[in-house]
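Once you've looked at the hints, go ahead and assemble the two chains, each given alone in its own frame, into the complex.
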Amino acid sequence: MDLYEYQARELLTAQNIATPDALYAKTSQEAVAAAERIGFPCVVKAQVKIGHRGQAGGVAMVNDAVEVERACARILPMSIGGHQVNGVLVAAAKNVLHEYYVSISLDRSSRDFDVLATANGGTEVEEIAKAHPESVKRLHISALETFDLDAARRMAQSIGFYHADVDQAAQVLLKMWKCFKDNDATLVEINPLAKVGDPDDESSKSLCALDAKISLDANASFRHKEWSSFRDDAQTDPFEVRARELGLHYVHLDGQVGVIGNGAGLVMSSLDAVSGAGLQQGTQVRPANFLDIGGGASSDVMRASLDIVLSDPQVRSVFINIYGGITSCEQVASGILEALEGLRSSVPIVVRFDGNEAGKGVRMLEEADDSRLRVCATMERAAQLSASLAASPSVADIHCETRHGVSSDTAVVQGHDESASSVADAPAEESMGGAR
Amino acid sequence: MNLFVNEETPVIVQGMTGHQGMMHTGRMLEAGTRIVGGVNPRKAGLQVAFRVGDDGREMAIPVFATCSEAKAATGARASVIFVPPRFAKSAMLEAIDAGIELIVVITEGIPVADTAYCVELALSKGISIVGPNCPGLLTLPRKDGKKGANLGIIPDGIVSSGPLGLISKSGTLTYQMMGELADIGFTACIGVGGDPIVGTTLTEALQCFEDDAETKTVVMIGEIGGNAEQDAAAWAETHMTKPVVAYIAGFTAPEGKQMGHAGAIVSGGKGTAQGKKEALEAAGIPVGRTPSQAAGLVREQLMGVEAR
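If you're matching them up, the sequences are chains A and B in order. Quick note on numbering: the first sequence equals residues 132 to 567 in our numbering. Quick note on numbering: the second sequence equals residues 113 to 420 in our numbering.
Next up, chain B with everything else stripped away, as it sits in the complex (with noise of 0.2 angstroms):
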């Protein structure tokens, strides 16, 4: 599925329920996100109600037992996952089973073995996972009048729409960058995760932006581990139409050790921020030394783009 998604697509939140569900679904729903309803089998039936906009008008969402029943019952086309690491695996299937078109795992700590597995699985059937450990998927208005969705804990009212993409493997780094960017805005924001496997590639967000006519550039945020920012870089070498500017964070980590995400260590000498700036500048592809000088790159490239 496109991941420019719009207040029209139905959403549901699988583990709407917890604490974490909760909070983030008044949020989403806040942001004009059209939440259809959530998946909890032990609360199928039950309708929750949130208090949504300055009057506060209530809200109330229904419950269902699986992702199924909640797609017959409201022709859900996206999901959005908050169920603990151990649960996240059948919550993916489930969403996969039926037909959920756009999956989005915010969860952090899932094994990369459950998350291969539901990856594959997804791919094979043309449905698109976003994540998992990442901040979710943001879009913002569109030239047609299309409203944006909130699929995540991106929060609302950093950025307003603009020509530029971002995409990010870090949560805090991204709204760090959003707002350094605010007065020139967004298209999209998509976090893809720092996990070792996620389900959109830092490859597949810049295709994403390049197939969009409203994006004019794309910021992307790497950091340490794995190999994706250099797949990122060879991808748009050839195929990116767009200026493309890059943030990698992690120079000063040590080989050998994860710095917090799953995802993000240098070993065996593979992995290095450096090795990834030198493959995204060899690309063309400028990277900032901190975030502000990126965000300083996507100014002087934007002129450029304008002035073109």
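Next up, chain A with everything else stripped away, as it sits in the complex (with noise of 0.2 angstroms):
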């Protein structure tokens, strides 16, 4: 879970990390105000979880009430990366003598967290890495050691803070520290960590935290409640934010297909073979969603799927994939039976089955004689026909897919036979492209 700027620098705030005097404002009035307050001349900032906001424009100095009005109409409308600006941090401006770059994160590899520090901060530290990656120092905490203020002082001094800064860059890490595993952060990053002051008088000048990015561990959400204000529902996926609420593990897509499966490995490979047979079709349709419904195999579990799929008005076919482990796809075909009953859509499901009971899932499917039901004995041959179902505009066309062989070993589930049946063969096909 990443946070805003605004967010990340409470919880640095509340370690006693020195921020700048800042106001968070959702409006143009609000910035104004806050600006007051703190005083001129200040920085309005872009709220917005992704980088380079500065280049995009997304950052303005402003001298006045009036530049305040206009750096607000210029930034909240703004959309940066695909994200919309959520809001503007108004922060004193400083007199920057200095930038140094600090981030804490987890370490996949090495299994222990990671330090990366330089004392050329201010941009993006990957481009400071591929500028001068001499400059970049990586050191490691240990999940197991006790990070004190002699191991930061250490460490300080080998990232190369110059002399003057060492105490109180050691400080800032053990800080840094505290707020990472307090907090159950991922990533605690400071960039730029920069001296202010006035040059001429060394004892004003002091580290402080200009910028700061922190990503939570979702997964420690049930001992941090204090997190359900980090809630970013107005700026999530209104689908995803459905989803959540209905417990399903939901990613909203931009295609067509819409995929339901069980085990999130089998989801992406789903994903992977329906782009692959749209690009193979030679048409554009792609996935519409990552849907993992584990092992519920429940109507329940079913129903709020392909609710939630359905309810994509993208979506022109759905792909149901299921590979019976523990769970038996004959509880699952009931499952999908009772979801279907009073379901009024008429978008054609394409369904998989393997594993445990798959035979009994597919007898049960064709025994249902629902008209909106197709099943396929490969993953491969279910995304293709699922795929071509979403191109195809309407009963014509399907039935010209079929002919040409697209699903020569798929059936419709109305009168499936082993040895054959096109699609268009089935008095199934009548219902499909029509109304209900």
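Hints listed in this document are in silico derivations from the structure and should not be mistaken for laboratory results. The model shown is predicted, which means the values in this text are computed figures rather than measured ones.
Below, simulated DSS-like cross-link-like pairs (lysine-lysine); rule was C-alpha separation at most 27 angstroms, straight line:
1) B:Lys382 - A:Lys268
2) A:Lys306 - B:Lys201
3) A:Lys180 - B:Lys369
Quick partial rundown of chain A residues pointing at chain B, CB under 10 angstroms, derived from the structure:
4) Ser240
5) Glu257
6) Ser273
7) Asp315
8) Arg354
9) His380
10) Ala395
11) Asp403
12) Gly425
13) Ile453
14) Gly455
15) Ile457
16) Asp485
17) Met510
To list a few chain B residues with every Cβ distance to chain A over 12 angstroms, as calculated:
18) Asn152
19) Gly168
20) Arg254
21) Lys255
22) Asp256
23) Ser272
24) Ser273
25) Pro275
26) Gln413
For every residue, glycine included, the Cβ atom is placed at its ideal position computed from N, Cα and C.
Rendered as structure tokens:
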């Protein structure tokens, strides 16, 4: 779970890491009031969960209320890298003498925590690493070790903080680590960690976190009730918000084939198969969503899943891919049939069963005699059929597809026959394209 | 501990008395796993009855308060953990403290800081963790007459013994691949899990199969997120004498979206399926476009091995 800068800033401030005076504002009026409280000059910064906002024009230095209004009029409606700006942070401008970069993150490969730092901060660390790889230091904190002030000081020295900054830097590192651990973060990044103050007055100089990025481990949400305030429903896809309320693992994509399966890997694999089929068939058909029902075979889960998937107006066909491990396909079949009762949609649903009781599951679907259902023997075939159904604006086109043998080893459930049966021949097709 | 457990390995189940624990303990017993106890401090002293085998004979499995008590009483060497995420860290720590040599963690949703701590502690003591968020570990009968064991939720009856080793980040794709290659058979299937930090990495699982004389070819199923596939490719290139075939799921996954598994996320352009495929292929590991195609590549490799 990624946080906005203004939220990350709160978590840093809670650890007594110095940050500029700043206030979050949702509207231009709020921003003007905030700027007047903080005092000019100040910086108006777009709140958006993506980098490079400065280059995109999402940051403005302002000197009076009119300039705040002008900046807000430009920034608030902006979308940066596909992310709609969600308010601005109005922060006191600082006299920056030097910029460092410091981050702590989970290291998946070494299975511990990475401290990445450079004395040349200010831009994206990837770019610094490219231009000056020797200046980026990578150090590790083990999950078992006690990271104390001595360790932090040694780390600050080896990072290469300038002599006068080492003690302060060690404090910042220590507080960042506490922030990381206390909040179950997977990333705490301060960029820039700036040396600010009057160049002629040594006593005025100090390290200050001018910008921050924090990501939290969603698996730890059960022990962080306070995270509910970080929920970002307004910025989340409405289908994903609804799916989460129903307890489903759903990700909204931009295609036409709804995909439902059991197991995250199998569903990802199904998405790839649908995309592959779309490419192969020369259509632009792509998966409309990721939806993992896990071991859930119940009609409730299936009904909720179909509801979500079919509420997406882009969806032209649905691909249900089940490998029965412990779950029996027979149970899943009965879940599908119960879910279909009372479902008003006429969108065709292609089902592929394999594994535990797959045969019984298929037979159950056949006997149900529902014109919306089709069964395929393999994942590839099911992906191809669902992709071709999604690309067909009318029944006629589906007939055309099947005559070309796209679904040669598939069969419409109604009148399913091991040997043959093309979609075109099946009476089931009559109701497919028509309104219901 | 060597991951090639067998029917003689004494196993305890932490969380045995819960719904999932009961169901899967029954299945594991049925598969011939030597379950010697369960752990639940609130039910210590109880005996839980399971009906096993065609004749439905009853097996009474004792419940202990702690892993240490269970180990002292039974000599348990391995544990399977089914407890909910919020109790998983203390369950893992308890098993580590008791000196259980192999800990298979099925639980999904464990905070990664908890896993990181337990994995590092286990590694420092020479204890193996498999998972979390994994289907577990299945070993099959061996040429020396030792039977296999099932530690986790991998269904029995899909495969029998054969020369393949299977490593996977994903549950159902494991079963899918087992089904595709059921006629050839496996030595073992290791579900390493879909979390960002796991106790046994793809590389460590490859090493297990490299060291196993009966395994001739390895199938590895990866997915988006992290660098485990790249790390495995680099390791295999210099250390692996046996052919490896891979499949990667998630080419269609968009940037910044977690695809079900906690670890399955492309971020900052890193962890893409394409990047993994390229790294594997550069290391001489063919990558199938679909699970079926990967299975076909395995057959080709195996014919090559036999021809040698």
